[in-house]
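Residue numbers (our numbering), protein chains in the order written: chain Y, 1 to 474; chain U, 1001 to 1121.
Among the hints, a few may not be true.
Straight-line C-alpha distance at most 30 Å; calculated DSSO-like pairs for lysine-lysine [said to hold, decoys possible]: (1) U/Lys1092 <-> Y/Lys291; (2) Y/Lys338 <-> U/Lys1092; (3) Y/Lys258 <-> U/Lys1092; (4) Y/Lys205 <-> Y/Lys168; (5) Y/Lys205 <-> U/Lys1057; (6) U/Lys1090 <-> Y/Lys211; (7) Y/Lys302 <-> Y/Lys291; (8) Y/Lys258 <-> U/Lys1076; (9) Y/Lys137 <-> Y/Lys168; (10) Y/Lys211 <-> Y/Lys236; (11) Y/Lys205 <-> Y/Lys137; (12) Y/Lys32 <-> Y/Lys168; (13) Y/Lys258 <-> U/Lys1057.
Okay, the calculated beta carbon distance ranges per label pair [as the list claims (entries may be wrong)]: (14) Y/Gly350 <-> U/Asn1109: 20 to 28 Å; (15) U/Glu1089 <-> Y/Glu128: 30 to 38 Å; (16) U/Glu1089 <-> Y/Ser446: 24 to 32 Å; (17) U/Ala1069 <-> Y/Leu285: 30 to 38 Å; (18) Y/Lys205 <-> U/Ile1096: 30 to 38 Å; (19) U/Ile1096 <-> Y/Asn233: 50 to 58 Å; (20) Y/Ala303 <-> U/Ala1059: 33 to 41 Å; (21) U/Ala1069 <-> Y/Asn233: 51 to 59 Å; (22) Y/Ala294 <-> U/Leu1038: 37 to 45 Å; (23) U/Phe1101 <-> Y/Arg274: 32 to 40 Å.
Worth flagging that the hints you see were computed from the coordinates, not collected in a lab. Just so it is clear, the structure is predicted and the values come from calculations on it, not from any experiment. Don't be surprised by glycine CBs; every beta carbon is placed ideally from N, CA and C.
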Amino acid sequence: MSEIVIGKKAVSGIAASEIVETVPSALIILDKNLNITSANRAFYQTFRTSADETEGCHIYDLGNRQWDIPALRTLLESVIPHRASVEGFEVEHDFPTIGRRTMLVNARKIFRPGDGGSILLAIEDVSEERAARAESKRNWQLTQSIVDTVRDPLVVLENDMTIVTASKAFLTMFGVTEEETHGRRVSELGQHQWDVPALRHLMEKVLPENKPIESFEIEDNFPGLGRRVFNLNARKISQPGNHAHRMLLVFEDITDRKQRERDALSLTNEISHRIKNNLQVIVGLIAYEAKWTAAPCVQGYKAMQARIGAIAQLYDLISQTSRGRTVAVDAYLREIAKTMSASLLGNMSGIDIEVKGDPLEIDPDRAVPFGLLVNELATNAIKHAFPHGTGHIMLCVEQVGDQIELTVVDDGVGMKDKGSAKVPEKRGSDYVAIFVRQLGGTIVPSGSEATGTTVRVRLPLLLVPPGSAERVAA
Amino acid sequence: MAVVLIVVDDVFIREIAEMMIQDAGHQTLSASDVDEALLLLRSPQHIDALFTDIYLKVAVHGGCDLAHAAIALRPKLRVLYTTGNSITEKMKALLIEGTHFLRKPYTQNQLQNSVRDLLAA
């Protein structure tokens, strides 16, 4: 029984010592005269000293008096005598052996019978944490100064969508103070102009799904600003090592740009309206002439009307596929195919048009003859290649060396079958030859296919060379 | 045969459209703008269909406004729009659902077929 009690005491003693040695904080015990009675392994490691140099030494004399620190003196001589314990006492000091360090000292009085009282000091090196905090503060100050430098108004939002900080540009533009914005939701600002369900929905996805908002447009009346159009962009911002994420929301005032776009669109619509009306007048004149013309000639008038219609459609297609000064050939071909399918074939047709195109660009000057060439070749195939009403046409454009190769292929009756219905109109062939010459190209003779017809045309690259924008504009 | 109200601001285009539609055996009435068209639509005159340009003089979407006013006056009226401009999504939203559309320049056959389909719908 007594062995067991002794054993328990022994185990208890070993355990306390083991715990002290395992604790990562540096621990020392001082007697009432501030002499060190013991220290743990963490203390020796942190301060690069040993038990021989430490035990029995007065705290202030330890390590060439490097612990004779005014702040520590204050703690040990003025604070501890009046209190049972002190926590979080911060000591910053240049230690000769380990350099400048910030230590967090916890002190506790220990009373044991017969020793007159001791002091346990737990010393935690928080230098890195403090440095990181200082670095974080400097980063935040830097961020804030960048935020304030950006000309577009912007705000930084917390997880809960409340504003942490707003840039000076934001405060100035919307006539609000920092106090009026901090901690408030964007949707609550002003006269709730930003309280748009679609925007709210998108903003809720920015942080959890890391899904940025790109160019969300809002047009409204803003107090003191009048009617404005803003483009909103938002993205998640995070700091390495920090789990908290924030959202950067930028307000780009695009009112002037929007107005210029609207003016340009109005002008384009006005010009387009006039061009189409003029073409309509020409088609009307032809229709009127056809009314009083002998029947054998009417077909020619109708063909002329169809080609004028094709030119008008091509102008529409150019405006739809144009990327600024150039026209995307692949998109252009697809639009031509779509329009031809709708106008000449219809939904019930057994003839389909497939498009295969490299991503090439041509200048608008040559887009119309190029489109008319494709139109003529494809129309020819539709009209003559499929007497039974079913078949496949492929429009293909690819870059071959420094040339563009346009290929129009059908799997119809073919031109060699003299008995077939495919006898292309002479005028159609003439037009093809003219358009090819206009584009500076050549028709490549095709081999004899078992079925169908292949027309292959090589054209010089119709790309707009870099730096020649002025020529195109002229 | 039907009565078609043609609303186009350009005199020549309007008269050629009248000729094309009359050649298909229909009667035509004509107006050059929204106000003139509304006078006819408010009158007791029988009208089966409205063929209107979308761009009418200074009104960029005048034909769309006219069609809405016309349907409010005559809910059974058939509407055929025409325009030389591309049909944007914004413009589509202004068109009355179920109405027909003809792109300019249109030929006699295209206009006559569109009117035929419009009346048959």
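Comparing the hints with the structure gives:
1. A distance of roughly 35 Å separates the Cα atoms of U/Lys1092 and Y/Lys291; the hinted pair therefore is violated under the 30 Å criterion.
2. For the suggested pair Y/Lys338 and U/Lys1092, the alpha carbons sit about 19 Å apart, so the restraint of at most 30 Å is met.
3. Taking the CA atoms of Y/Lys258 and U/Lys1092, the gap is near 21 Å; set against the 30 Å cutoff, the hint holds.
4. Only pairs whose Cα atoms come within 30 Å are accepted, and Y/Lys205 paired with Y/Lys168 is accepted, the gap being roughly 27 Å.
5. Note on Y/Lys205 and U/Lys1057: the hinted pairing is violated, with a Cα-Cα distance of about 47 Å set against a maximum of 30 Å.
6. Distance hint between U/Lys1090 and Y/Lys211 is fulfilled; the C-alpha atoms sit about 28 Å from each other, no more than 30 Å.
7. The suggested pairing of Y/Lys302 with Y/Lys291 holds, with an alpha-carbon distance near 11 Å, which does not exceed 30 Å.
8. With a C-alpha separation of about 40 Å, the suggested pairing of Y/Lys258 with U/Lys1076 is violated against the 30 Å cut-off.
9. For the hint linking Y/Lys137 to Y/Lys168, the alpha-carbon distance of about 19 Å falls within 30 Å, and the restraint holds.
10. Restraint check for Y/Lys211 and Y/Lys236: satisfied, since their Cα atoms lie roughly 8 Å apart, inside the 30 Å limit.
11. Proximity of Y/Lys205 to Y/Lys137 is assessed by CA-CA distance (about 28 Å); at most 30 Å being required, the pair is judged to hold.
12. Simply put, Y/Lys32 and Y/Lys168 have alpha-carbon atoms about 58 Å apart, too far for the 30 Å limit, and the pair is violated.
13. The hinted pair formed by Y/Lys258 and U/Lys1057 meets the criterion: a straight-line CA distance of about 25 Å does not exceed 30 Å.
14. Taking 20 to 28 Å as the suggested C-beta distance range, the pair Y/Gly350 and U/Asn1109 conforms, at roughly 22 Å.
15. In this structure, U/Glu1089 and Y/Glu128 break the distance hint of 30 to 38 Å, their C-beta atoms being roughly 58 Å apart.
16. A beta carbon spacing of about 42 Å between U/Glu1089 and Y/Ser446 contradicts the range 24 to 32 Å that was offered as a hint.
17. Judged by the Cβ atoms, the range 30 to 38 Å given for U/Ala1069 and Y/Leu285 holds: they are separated by roughly 33 Å.
18. About 36 Å separates the C-beta atoms of Y/Lys205 and U/Ile1096, a value consistent with the hinted range of 30 to 38 Å.
19. The hinted window of 50 to 58 Å between U/Ile1096 and Y/Asn233 is violated, with their beta carbons roughly 37 Å apart.
20. The hint said 33 to 41 Å for the Cβ distance between Y/Ala303 and U/Ala1059, and at roughly 36 Å that hint holds.
21. Between U/Ala1069 and Y/Asn233 the Cβ separation comes to about 41 Å, which falls outside the hinted range of 51 to 59 Å.
22. Judged by the Cβ atoms, the range 37 to 45 Å given for Y/Ala294 and U/Leu1038 holds: they are separated by roughly 43 Å.
23. Against the hinted window of 32 to 40 Å, the Cβ-Cβ separation of U/Phe1101 and Y/Arg274 comes to about 20 Å, which falls outside the hint.
When each numbered hint is compared with the structure, violations occur for hints 1, 5, 8, 12, 15, 16, 19, 21, 23.
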